Structure formats: C-alpha cells, structure tokens
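S.K.: Letter by letter, the chains look like this.
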Amino acid sequence: MTTLVIADHDNDLLKSSTLNAVTAAKEIGEDIEILIAGKDCNSVAQDAARVSGISKVIVADHMCYEHQLPESVAPLVTQVARTHSYILAAATTTGKNLLPRVAALLDVAQISDIVEVLSEDTFMRPIYAGNAMATVQSSDPVKVITVRTTAFSEAEVTGNATIEPIDYIVEQNLSVFVSEILSQSERPELTAASIVISGGRGMQDGENFVLLEKVADKLGAAIGASRAAVDAGFVPNDYQVGQTGKIVAPDLYIAVGISGAIQHLAGMKDSKIIVAINKDEEAPIFQVADYGLVANLFDVLPELEEAL
Amino acid sequence: MKILVGIKRVVDANVKVRVKPDNTGVDLTNAKMAINPFCEIAVEEAIRMKEAGAADEIIAVSIGPQRCQEQIRTALALGADRGILVESEEQIEPLTVAKILQSIVEREQIDLVILGKLSIDTDNNQVGQMLGALCNFPQGTFACSAELEDGKIRVSREVDGGEQTVLLSLPAIVTTDLRLNEPRYASLPNIMKAKKKPIDIITATDLEVEIKSGLKTLGIAPPEERAAGVKVESVAELIDKLRTEAKVI
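Those protein sequence lines, which keep their order, are chains A and B. Each residue of the first sequence is one higher than the last, beginning at 935 in this note's numbering. Each residue of the second sequence is one higher than the last, beginning at 15 in this note's numbering.
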C-alpha cells in the first residue's frame, strides 16, 4: 500500500504544493515515497528528504526530464510505480498535465482535485465549479489522484528520508521545450499567500491595479484577478482566480470591483475571511463575503492604504 | 490535414446548478444546455486553421445521448465539415472517452486533435492527456496559442507561473484554455447550411471500445454554504473588524 507522490519543483526548490499532496497521502496510508523527475535537481532532493513521514526519495536526474514534459515523465512514473497502490500529485498545472497521461498508460481512471480522503478508496471532489461535491469510490488497482492544495495543510519538514537515484531515461522525439516566460514578482505566490487582494472589471484598466498593489504591499498580500479583468487585458492570465484559473484559500481574501460570478467564487470561496468592496450592493460577491463594503473602490483603496 | 474536435454537451455556464434533494446528482431539468465553452474555443481554433489554408477537413465528435446532435449542429454551423455522434445514454468516464477518440483518430487518420481543457460539469481536465498517452501523441495542454509550422505545432501553454512554449510533432493533441481565441457566432445562412452537413451516428461497440468504469459515484452533495456576513459602513470599520474580530491582519 505504498503511495508515490510526484514532486512539484523547478529543479531548484521543492514547491510547497508537494507538501499539501503529502498530507493527503498521509490520510490514505503511512508508507509514502516521493519521485523527483528533473535535471540537476539535487537541492530539490534534499528538500524532499526533509519532508516528514517520507520513507524514500527517488530521483531521476537527467536531461530528458529538465522541463518535466509529460511525454518523458509519464513513462518514468509508470516504470517507478510498479509496486505502488497510489500515485498522487498536487493539482497544479504540472500535476494536471501529467497524471491523466500516467493513468491512461496504466489503464486506470484518474481522480481529479480531491478535497477530502474519506477512506482508502473513497474521495470527495468538487464538480460544477464547486456547486456540488461528488463522493467517488475507485475500484482500480492503482489510484491516480490529483490533490487540491488548499484543502490539505502542508506536511512538516522535520524528516530525514533516504535519497535513491534511479537510472531510467525516456528518450522521446514527440515534444521539445522551447521557452518559458515566468512572472517575476516580489510578492508572495498567489496560491501560497495568507492574504490575497483581487481586482475585477470594476478596476476599469490595468494601470489602476497600482492602487491594489499599494494595499498589497502594506498587507504582504498576493494580487489576483477575476477572469473579467484578465479577459479585458488588465493583468496577465496567471493572476486569474477561479474555476479555470487558480484555486486559493487564504486567511483573508479581498475582492475589489468583482461582481462574483460562479466561476470566480469557485476559486476563492474556501478562504477563511472574505471581504468584498463593490459599489453595486446587489453584486453576488456580497452573498459570500464576511464583510461587505458598498463603496467606490477608487475612494476606498487609497483610504485603505493610508489606514494600514 | 484533418482536424478532430471534441464537443461536449453541458449545462450553460451561466446556470447555477442545484443538487437534487436525494443527493443522486444535480438537477438539470429544463436547464439550458450548450457546447462546453472550452470545446467552443477548440472549434474556433480548428476553423481558423482551415481558413488559413492549413487544414482540409474538420470533424466534430460528441459522445452522449441523441440530443448531443444539437451541439454537433452548432459546430457544423460554425464551420466544421461533418459530425460524428457516439451515442450513449450512460455517463462515460474520461478514460473511455479517450479510448473512443483514439479509435476515431486511428480510423480517420487524424493529424491534430483539439479538445477543451476541461468540461465545466465534471471539471476533470483529463481526456486530452489520456488520449495523448493512448495514441502516443505529444500534448499541448491549456493552450493560449497554437501555430502550425511544417509538420509541427508550436503551442504556448498557460502554466501556474506564467507561460510555457513547446514544439510538438504532428499528429498531436492540443487542449484549449480561455485566451486561445474568442469564438465567433454562427450566422443564419451557416445555420441553414449546417442542416445539410452529415452526422454519423455510431456506438462505442462499433468502434470496438468497451465502456468500462473504474469509479463509482456514491453521492452528490451541495457544498457547505457560507454564513451570511455583515455590511460595514467605512474603511475604518472594516479595518477594525479585520483586526479585532477576524484577527487576520
């Protein structure tokens, strides 16, 4: 009953989403191993070895895994996971790209985005943008699962697992990595921040996001946006919070000029405290807000910055 | 070049669904149904490739009950050339959907498959990746741009930290994200013309695919509702509440 957790990393650091996946794995069973596929990823292996409750860190360090393309990594996972009953990954874009490919190679179902482990074969997951929760039971010999990170706490890092390199190379000529443009920001990462402040269509244009940034700087908050704001070109897509963007659940979520479409609520309604600032008092966002302020955001944001 | 696009019939994105009182599913009685928004983007992308002279034929496939023909007709009105309905009254899991598509890809000698990254009902985000594995094709998931070039396709993908670009050899799978394009509306003459375009109606058995299920849904429950909050009158009151009541700042 061993579980293999696929590490989310950038060849340098182990991402905290892996720690959330490990916590989900612990709720399934005690015997957990981590697989790292990357290149020159020794520091990631060191990080992973410190995760509590891990018996072994398996490291496939080779050029073919540098960009973790699923055409290479999926066959690697099926090779490594021959004795594992569970394969888990965080439901990040990397995990979501990889695990269905793994599941199909193993001829089993994949269970997406679980938010609760009910028993060793039964899990809960949101459907219809979180408007319904499905309880699903798997009869497959290997259960391949992605984990919604906001639903599980981060595992502690007080462990000391053994690191075991493996020599397994997947040469493939199907896909080639070309380039990557990653957003540079001094602010905390959206999915890991304890405070998130998001802007919607009410921000009117991208330049007005400066008003949000000033408040974010005072609070140490990450900045998010609704799909409407992304579609309007105010901010890049990786700011998007919602069903099709990022799922966040910070201690404090401040929605500014966001009406609260179902798809946006799907991405943030598990936040501990929700604040809504909107001049339209009928906006659906107020139905999920703990504190609502009906006011013009262009008055409120400078005032907030001043007062904090 | 032949393009296959997948079309799923789902509840309209603006409908707020409710769970049935007996917790067996969601109540879709009289709900407005539509093409899954991501599938619509897939159709649009295929049409643009055909308009650019890069594709010869677009086949739109849907899997589900008879009524899915409505969504296939919409795709035909938008510009797909012909449709295939793989008829089934059962709920089909992503792996079986991928096997059905694999069989069609092989029979039709498809060069490029464009699918939505997920459907807004089951929120699985699996079929494209699974089809990639079954066909041993490369996959460009969550695409925000896709350009054909000399036997290959260059796909930029929405990833958590920004954007990643990969070059895939054809045949390949692309799954669409929202920014890939803005789908057009079907014109009335094209809606009329679409009525004459052919739709093949077949079953999974015709494609020699066994409908298998690895998952059993034990129940569907409504999510926990948040308790109603309070309105505050001023920024000062808001900050005070956040500090002393909620203790989050």
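Source of the hints: derived by calculation from the structure; they are not laboratory data. A portion of the hints provided could be inaccurate.
So the derived label-pair ranges between C-beta atoms look like this [what the hints assert, rightly or not]:
#1 Glu964(A) to Ala27(B): 21 to 27 Å
#2 Thr217(B) to Met935(A): 36 to 42 Å
#3 Glu1054(A) to Thr217(B): 44 to 50 Å
#4 Pro35(B) to Arg1135(A): 52 to 58 Å
#5 Glu1105(A) to Lys34(B): 16 to 22 Å
#6 Lys34(B) to Gln1013(A): 41 to 47 Å
#7 Ser227(B) to Glu964(A): 41 to 47 Å
#8 Gln1221(A) to Ile216(B): 43 to 49 Å
Computed from a prediction, not measured in an experiment: that's the story for all the values here. Beta carbons: idealized from backbone N, C-alpha and C, even for Gly.
S.K.: Give a verdict on every hint.
M.R.: For each hint, the structure was consulted:
1. Glu964(A) to Ala27(B): 21 to 27 Å: Because 42 Å falls outside the window, the suggested range is violated.
2. Thr217(B) to Met935(A): 36 to 42 Å: 39 Å, holds
3. Glu1054(A) to Thr217(B): 44 to 50 Å: 35 Å, violated
4. Pro35(B) to Arg1135(A): 52 to 58 Å: 36 Å, violated
5. Glu1105(A) to Lys34(B): 16 to 22 Å: 51 Å, violated
6. Lys34(B) to Gln1013(A): 41 to 47 Å: 44 Å, holds
7. Ser227(B) to Glu964(A): 41 to 47 Å: 29 Å, violated
8. Gln1221(A) to Ile216(B): 43 to 49 Å: 45 Å, holds
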